[in-house]
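A.B. asks: Here the protein sequences line up with chains A and B, keeping their order.
Going by my numbering, 114 is the number at position 114 of the first sequence; the sequence numbering is gapless.
Going by my numbering, 108 is the number at position 108 of the second sequence; the sequence numbering is gapless.
In case anyone wonders, no lab produced these hints; they're calculated from the structure.
Model, not experiment: these values are computed from the prediction.
Don't take each hint at face value.
[What the hints assert, rightly or not] Simulated pairs of lysine to aspartate or glutamate, DMTMM-like, Cα-Cα distance not exceeding 25 angstroms:
#  : chain 1 : residue 1 : chain 2 : residue 2
1  : B       : Lys-56    : A       : Glu-11
2  : A       : Lys-24    : B       : Asp-58
3  : B       : Lys-106   : A       : Glu-44
4  : A       : Lys-78    : B       : Asp-58
5  : B       : Lys-56    : A       : Asp-56
6  : B       : Lys-42    : A       : Asp-63
7  : B       : Lys-67    : A       : Glu-44
8  : B       : Lys-67    : A       : Glu-62
9  : B       : Lys-106   : A       : Glu-14
10 : B       : Lys-42    : A       : Glu-103
11 : B       : Lys-106   : B       : Asp-58
12 : B       : Lys-42    : B       : Asp-58
13 : B       : Lys-106   : A       : Glu-18
14 : B       : Lys-56    : A       : Glu-103
15 : B       : Lys-56    : A       : Glu-83
16 : B       : Lys-67    : A       : Glu-83
17 : A       : Lys-78    : B       : Glu-5
18 : A       : Lys-24    : A       : Glu-44
19 : A       : Lys-68    : B       : Asp-100
[Said to hold, decoys possible] Covered stretches of chain A (chain B as the covering partner; in silico rule of three or more C-beta atoms under 8 angstroms from a C-beta of chain B):
#  : region
20 : 39-46
21 : 50-61
The beta carbon of each residue, even a glycine, is placed where N, CA and C say it ideally should be.
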Amino acid sequence: DAGVIQSPRHEVTEMGQEVTLRCKPISGHNSLFWYRQTMMRGLELLIYFNNNVPIDDSGMPEDRFSAKMPNASFSTLKIQPSEPRDSAVYFCASSLRQSSYNEQFFGPGTRLTVL
Amino acid sequence: QKEVEQNSGPLSVPEGAIASLNCTYSDRVSQSFFWYRQYSGKSPELIMSIYSNGDKEDGRFTAQLNKASQYVSLLIRDSQPSDSATYLCAVKLYSGGGADGLTFGKGTHLIIQP
């Protein structure tokens with residue numbers, strides 16, 4: 001079975017440019033999470049969706065960040081305009097909300113570098 | 001007080017010994033607890049889940065939960081060099097991270113010495 005798929009795997013961009021990260025959750029999963037990992041702050045939840053509906057975006061750092069989930073198999077995280085402090089690894093994770101533990105499975109991540 | 005705390009390490013354990021990793025959390029109402037393993041440059045990989053007090057065993061791994069003490073641990077028996085990684089403790093905090101989001105500790109770096 002395919003796991004969570006993310007693209008691109010690496011992104012290098014210049015400050016001020018728009019960045020779009022993409023995620024395809026595990027088929028059948030109905031919750032999707034976006035996390036960001038840095039050395040300083042560790043792994044932090046940005047936003048999550050249940051059944052394609054955004055539930056909690058309190059972790060989104062600024063209005064420059066936005067996320068969408070137009071259907072059950074696709075989500076995007078957009079940064080516009082990007083800044084050097086946005087450099088991090090961005091992970092997407094998915095889970096089946098009805099499962100006992102609501103276990104989350106992570107994609108391979110997108111390593112973003114903003115110059 | 002930090003919500004999920006782990007000793008950053010590195011924790012060095014000889015091959016074949018038991019590695020013990022610890023985690024404390026701040027929210028008494030937390031219900032679900034997870035251990036993830038993360039190799040350098042890779043994504044977190046779920047290795048254990050636990051939500052009841054006591055021990056849960058899966059192969060060489062044992063998760064231990066004590067809700068009264070707000071403490072969760074991971075034991076790795078017969079440690080192998082391939083167990084060398086960063087281990088992340090994650091908690092579904094009732095009061096943080098949204099209803100379903102996880103709050104992670106910063107991880108313990110484990111080194112298994114051959």
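A.B. asks: Within 25 angstroms, alpha carbon to alpha carbon, are Lys-42/B and Asp-58/B?
C.D. replies: Given pair Lys-42/B, Asp-58/B holds - Cα atoms ~23 angstroms apart, limit 25 angstroms.
A.B. asks: Assess, step by step, whether the Cα of Lys-106/B is no farther than 25 angstroms from the Cα of Glu-44/A, and give holds or violated.
C.D. replies: Within the cut-off at roughly 10 angstroms; holds.
A.B. asks: Would you mind confirming whether the straight-line C-alpha gap from Lys-42/B to Asp-63/A stays at or under 25 angstroms?
C.D. replies: With a Cα-Cα distance of about 29 angstroms, the restraint between Lys-42/B and Asp-63/A is violated, given a limit of 25 angstroms.
A.B. asks: Would you mind confirming whether the straight-line C-alpha gap from Lys-67/B to Glu-44/A stays at or under 25 angstroms?
C.D. replies: With Cα atoms ~23 angstroms apart, Lys-67/B and Glu-44/A stay inside 25 angstroms; holds.
A.B. asks: Hinted pair, alpha-carbon criterion (25 angstroms max): Lys-67/B, Glu-62/A. Please report holds or violated.
C.D. replies: Answer violated: Lys-67/B to Glu-62/A is near 35 angstroms, above 25 angstroms.
A.B. asks: Would the pair Lys-56/B and Glu-83/A pass a check requiring their Cα atoms to be no farther apart than 25 angstroms?
C.D. replies: The given pair, whose Cα atoms are some 44 angstroms apart, is violated under the 25 angstroms limit.
A.B. asks: Does Lys-68/A pair with Asp-100/B here, judged by a C-alpha cut-off of 25 angstroms?
C.D. replies: At roughly 18 angstroms apart (the allowed maximum being 25 angstroms), Asp-100/B and Lys-68/A satisfy the hint.
A.B. asks: Lys-106/B and Asp-58/B: Cα distance at most 25 angstroms?
C.D. replies: holds, 24 angstroms
A.B. asks: Do the alpha carbons of Lys-42/B and Glu-103/A lie within 25 angstroms of each other, as the hint requires?
C.D. replies: Satisfied, since the Cα-Cα distance of roughly 18 angstroms is no more than 25 angstroms.
A.B. asks: Taken at face value, is the distance from the CA of Glu-44/A to the CA of Lys-24/A at most 25 angstroms?
C.D. replies: At roughly 20 angstroms apart (the allowed maximum being 25 angstroms), Glu-44/A and Lys-24/A satisfy the hint.
A.B. asks: If you draw a straight line from the CA of Lys-78/A to the CA of Asp-58/B, is it 25 angstroms or shorter?
C.D. replies: Roughly 39 angstroms between the alpha carbons, so the hint for Lys-78/A and Asp-58/B is violated.
A.B. asks: Verify the proposed pairing of Lys-24/A with Asp-58/B, using a straight-line Cα cut of 25 angstroms.
C.D. replies: violated, 29 angstroms
Consistency with the previously given hints fails for numbers 1, 2, 4, 5, 6, 8, 9, 13, 15, 16, 17, ordered from lowest to highest.
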